[in-house]
Structures are given as structure tokens and as C-alpha cells.
Amino acid sequence: MGLSILFAEQKGERFTMAEGAEKTKSSKRKKIALDPKLAEYRGIWVFIEQEEGIAHPVSWELLGRARYLATTLEVEVAAVVFGESQEKVEKITAEALSYGADKVYQVVDPALCDYRSDPYTDCLVNLVRKYKPEILLLGATALSRDLASSVATLLETGLTADCTELSIDVESRSLEATRPTFGGSLLCTILTLNYRPQMATARPGVLPIPTAEPGRKGIVIREQMQIDEEKILTKVLSFIPEPYKTAEKLSTAEVVVGGGRGLKQPGHFALLRELADLLGGEVGGTRPVVQAGWLEAERQIGQTGKTIRPKIYIAVGISGAIQHRVGIEKAGMIVAINSDPNAPIFDYADIGIVGDFLEIIPALIRVLKKRQSTKTELHAKDKPFEIELK
Amino acid sequence: MIQVEEKLYQNRYRVDEGRPHIKIKDREICSLCSHKICTVLCPAGCYRKGTDSAVSLITDGCLECGTCQVICLEHKNILWEYPRGGYGILYKFG
Chain A
1 MGLSILFAEQ
11 KGERFTMAEG
21 AEKTKSSKRK
31 KIALDPKLAE
41 YRGIWVFIEQ
51 EEGIAHPVSW
61 ELLGRARYLA
71 TTLEVEVAAV
81 VFGESQEKVE
91 KITAEALSYG
101 ADKVYQVVDP
111 ALCDYRSDPY
121 TDCLVNLVRK
131 YKPEILLLGA
141 TALSRDLASS
151 VATLLETGLT
161 ADCTELSIDV
171 ESRSLEATRP
181 TFGGSLLCTI
191 LTLNYRPQMA
201 TARPGVLPIP
211 TAEPGRKGIV
221 IREQMQIDEE
231 KILTKVLSFI
241 PEPYKTAEKL
251 STAEVVVGGG
261 RGLKQPGHFA
271 LLRELADLLG
281 GEVGGTRPVV
291 QAGWLEAERQ
301 IGQTGKTIRP
311 KIYIAVGISG
321 AIQHRVGIEK
331 AGMIVAINSD
341 PNAPIFDYAD
351 IGIVGDFLEI
361 IPALIRVLKK
371 RQSTKTELHA
381 KDKPFEIELK
Chain B
1001 MIQVEEKLYQ
1011 NRYRVDEGRP
1021 HIKIKDREIC
1031 SLCSHKICTV
1041 LCPAGCYRKG
1051 TDSAVSLITD
1061 GCLECGTCQV
1071 ICLEHKNILW
1081 EYPRGGYGIL
1091 YKFG
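Line by line, the protein sequences give chains A and B.
Numbering-wise, this note's numbering puts 339 at position 339 of the first sequence, and it's gapless, one number per residue.
Numbers in this note's numbering are just positions in the second sequence, counted from 1, shifted up by 1000.
Only chain A is shown next, with the shape it has when bound in the complex (with noise of 0.2 Å):
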């Protein structure tokens, strides 16, 4: 509802700001002016998701990016804080102002206990509908990815969902939400134009968290909702914490050790669990050594696998097919380490290391294993980072 595509451009090609990109909006974009109703919404919200007591990180990068687009609109930060007791909510609330909220919206109630989506909808709605805000953000987690579409179904709003990247149109003052789309092959930018507020939830992880500021103040809003329990028909019975399976975390490790044919035995994938553990990352595979029953079939990344967006992804004596890379493409950078100089995985590695992985896997655990021990801070830039081969 509300929504226009407004371009789609084949990732990598994307126009800069400058240059192609103004072309294309003016002669793309339909001109639509507000609804006088909701001109009057104003400020950028972001809803603090918390469990227990503790918030998820995603809801501070998300006030990192609306401070700066607040300072673009020349509006407020506002933070929308949910739990059952005011002591939690106290604690979120000052963390929130540290981060750059100016205002926190905290609704306290028994119900709010446990995530629910029908008493966080009633209260994240009617909080809408009293303060108007202009944009709601949300992170792109399980549990707000749940209530940002409830809420904007019943506020009969556009919600740009899994957004990596956030910005302003200072033209039409509407909020540029940017998600990738088809599995990431192509990037969408995607308007709100004649609705409000407008609603997105961003990715965990693609902003950066902003720098705090203890004891930063700011305004607190208290609003008592009108929760009946009896009304809400989810009931919480208990809570089964995820049993402890590492091959799950694979998509979600920061660095992930991955080996294909090239290590030639399956025992030597010991090798790169032990650098995954120093790196406290994960570790993965090619197709073909899964089916070689090498490694177990949860732990396969590419086309008919896994697709990971670590910060580093360390290949190992893969040779990098098509089928692999498409799951492996979004990682921050990527080593990759083959005997092969022809392989294909080198077309698209960020540092290429050819040779034996048998004598360059134990020299980097052996110097990662030397940095732990002494303990001293060393930043790359103060040190190369040396290895020495047997």
C-alpha cells in the first residue's frame, strides 16, 4: 500500500548520488503531494526491542542512522521502549538517550512481559496514532520483523522490510528505504510516498553503532495502555532457550573458516576448526566435501547451502565455482588460500594467498595463538602481521 518502486539498478552499478541517480528520480518519479491529514506527522521513531531486560544492538544502530536523518528533517529521535517492569524500562530508556534518542516513549505494563505481537501492536499503535510520528524503524529481527507488519497493516501504512540502507529525499522529505530483493541480486529503493508514518526495519549488523554518551537526557513520555489479558489470546508458557547447535550459527558468524576438496582429507578440517575457534568463528564447506560426508550438511554454504555475510570468509583449498560464490559474496573479505594460482575463487578474493594450506593454516594459528598469550595490543596498522612458514 502506498509503495512505488522507484529504481532497481543491477547491484554493483548502483549511481552515485551525484550523478545518475538525480536523472533517474526526476524523470521516474511520479509527483504526489501529501495528504494535508498527515502532514502534520513528525519525527523519527525507533521502536528498542528488548528482551529480559536487555535490548538488541540493532535498535542502537537504528538511532545511530535516524539521528542523522533526523538532523537531514530537522526533527527528534525518538525511542520506544516496552517491557513489564519500570526498572528495565528505566535502564533501556537511559541507554537509549546515551545512543541519541531526545525522547522515549515508555509503556510499562505486566503484559508486556514476553514478546506477544497482540499487546505490542495495541500499544505500539495507539502510540503512533496519539504523537504521529513521520518515520517508524524497526531492526529486521525475528521479533520485529513479526510486529512492524502487524503494525503497519492496521495503521495502513508501507513497511519496507530487511532495508540495508537508509536515507532522505530532502525534496519530498520521504524516508528512501533500500533493501536488496530476488536474493540480493537486485537493490530496491522503496518510497512511502502518501502515507504515514513511513516504515522500514533494517538488517542487524549493516550500520554502524553509534558512539554513546552516558548521561545524555533527554524527555520521558510515559503512557499507561490499557492492556487486558484476558483479551490477548497468545499465551506464554515457557521459554525453550535454542539448544546450543554451532552449525545454526553459521549464518551469523563474524568469521567463517570454509574448506572444499582441496584439503584433500577429511581430518584436516580439524586444522580449520582450530582457526575458526581463535577467530571465534565458524566453520563451513563446498558441496562436495559435504557429500563426501566430510562435514555435516547443515555446514555446506553456496547455491543449494547456506548463504553467510561474515566479516571474513577464509577459503580454503576451494576453487571457488560459481555455486559457492553465490553464498559467499556478501562476506566483508574474503581469503582465499589454493595451491591453484588459476583457481576462480582468486577473480574474487580480497587477498589471495597461493600455496599450501598445510604450512600457511598452522603458521596463522600459530601467530594468532603468540597475539593471545602476550596479550598486547596489536592493530595492524602498528604491526605487520607476520607468518613464518616452518
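Just so you know, these hints were derived from the structure itself, not from any lab.
Certain hints may be false.
Below, a list of computed lysine-lysine pairs in the DSSO-like style, where the Cα atoms sit at most 27 Å apart [said to hold, decoys possible]:
hint: 1; chain 1: A; residue 1: 91; chain 2: A; residue 2: 37
hint: 2; chain 1: A; residue 1: 264; chain 2: A; residue 2: 235
hint: 3; chain 1: B; residue 1: 1036; chain 2: A; residue 2: 264
hint: 4; chain 1: B; residue 1: 1092; chain 2: A; residue 2: 306
Only some residues are given here: those of chain A computed to face chain B with a beta carbon under 10 Å [claimed, not checked]:
hint: 5; residue: 54
hint: 6; residue: 264
hint: 7; residue: 291
hint: 8; residue: 304
hint: 9; residue: 323
Derived DEER-like restraints, expressed as beta-carbon distance ranges [claimed, not checked]:
hint: 10; chain 1: B; residue 1: 1014; chain 2: A; residue 2: 350; range: 26 to 36 Å
hint: 11; chain 1: A; residue 1: 273; chain 2: B; residue 2: 1041; range: 51 to 61 Å
hint: 12; chain 1: A; residue 1: 296; chain 2: B; residue 2: 1007; range: 51 to 61 Å
hint: 13; chain 1: A; residue 1: 254; chain 2: B; residue 2: 1090; range: 34 to 44 Å
hint: 14; chain 1: A; residue 1: 367; chain 2: B; residue 2: 1053; range: 36 to 46 Å
hint: 15; chain 1: A; residue 1: 117; chain 2: B; residue 2: 1086; range: 46 to 56 Å
hint: 16; chain 1: B; residue 1: 1010; chain 2: A; residue 2: 154; range: 19 to 29 Å
hint: 17; chain 1: B; residue 1: 1050; chain 2: A; residue 2: 358; range: 12 to 22 Å
hint: 18; chain 1: A; residue 1: 273; chain 2: B; residue 2: 1028; range: 26 to 36 Å
hint: 19; chain 1: A; residue 1: 215; chain 2: B; residue 2: 1010; range: 50 to 60 Å
hint: 20; chain 1: B; residue 1: 1016; chain 2: A; residue 2: 129; range: 47 to 57 Å
hint: 21; chain 1: B; residue 1: 1028; chain 2: A; residue 2: 114; range: 53 to 63 Å
hint: 22; chain 1: B; residue 1: 1040; chain 2: A; residue 2: 358; range: 24 to 34 Å
All C-beta atoms in this analysis are idealised placements derived from N, C-alpha and C, irrespective of residue type, glycine included.
Let chain A serve as the given structure and place chain B on it in line with the hints.
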């Protein structure tokens, strides 16, 4: 040189995870096979020569042409089935 994987990527597949439709009956026989003609003739490169004279088979890219079954004359060592309905290669504008 374009790798066969690059071309296979243009195809549409629905891979039947964990249920390969082609199996090698006896891996020992492949080690003894001198020419390993399957590794040469498979148009999708499903059969690869391993380092230790073994043959590895990954059926994900299989085009279901049936060549491998026919050419393994000497040993008849390939158990060849079509994938289940809805799986395997899904030719678009074939």
C-alpha cells in the same frame, strides 16, 4: 577458460538434497578401471577423478542425459535412475 560450473549455473535445478539419483555400485571397481571414461564424457562434469585413483560423483549438475550409464559398458557399475518427479534439471526454454 569457462568452467563447466559457470555454464551449469545458467540452468535451473531443484536439487533433491541427500537423495542422489545416480550411484556408483562398487567404488573399488572404479579404482581398477583404467580409462575412467565417465570422467571424460559426462557433459556436466559430475564425475571427477580423485587424487587416489577413485572417482567422485556429485549429481547436482546432472543433465539426465544417461551417457554415463551407457558408456560404463565394461563394468556396468552405475546405478542410474531419474530424479524424483519435480527434481533435477528443469529446462527453461529447452
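Mind listing which of the numbered hints don't hold for this structure, in increasing order?
Violated hints: 1, 2, 5, 11, 12, 15, 16; rest satisfied.
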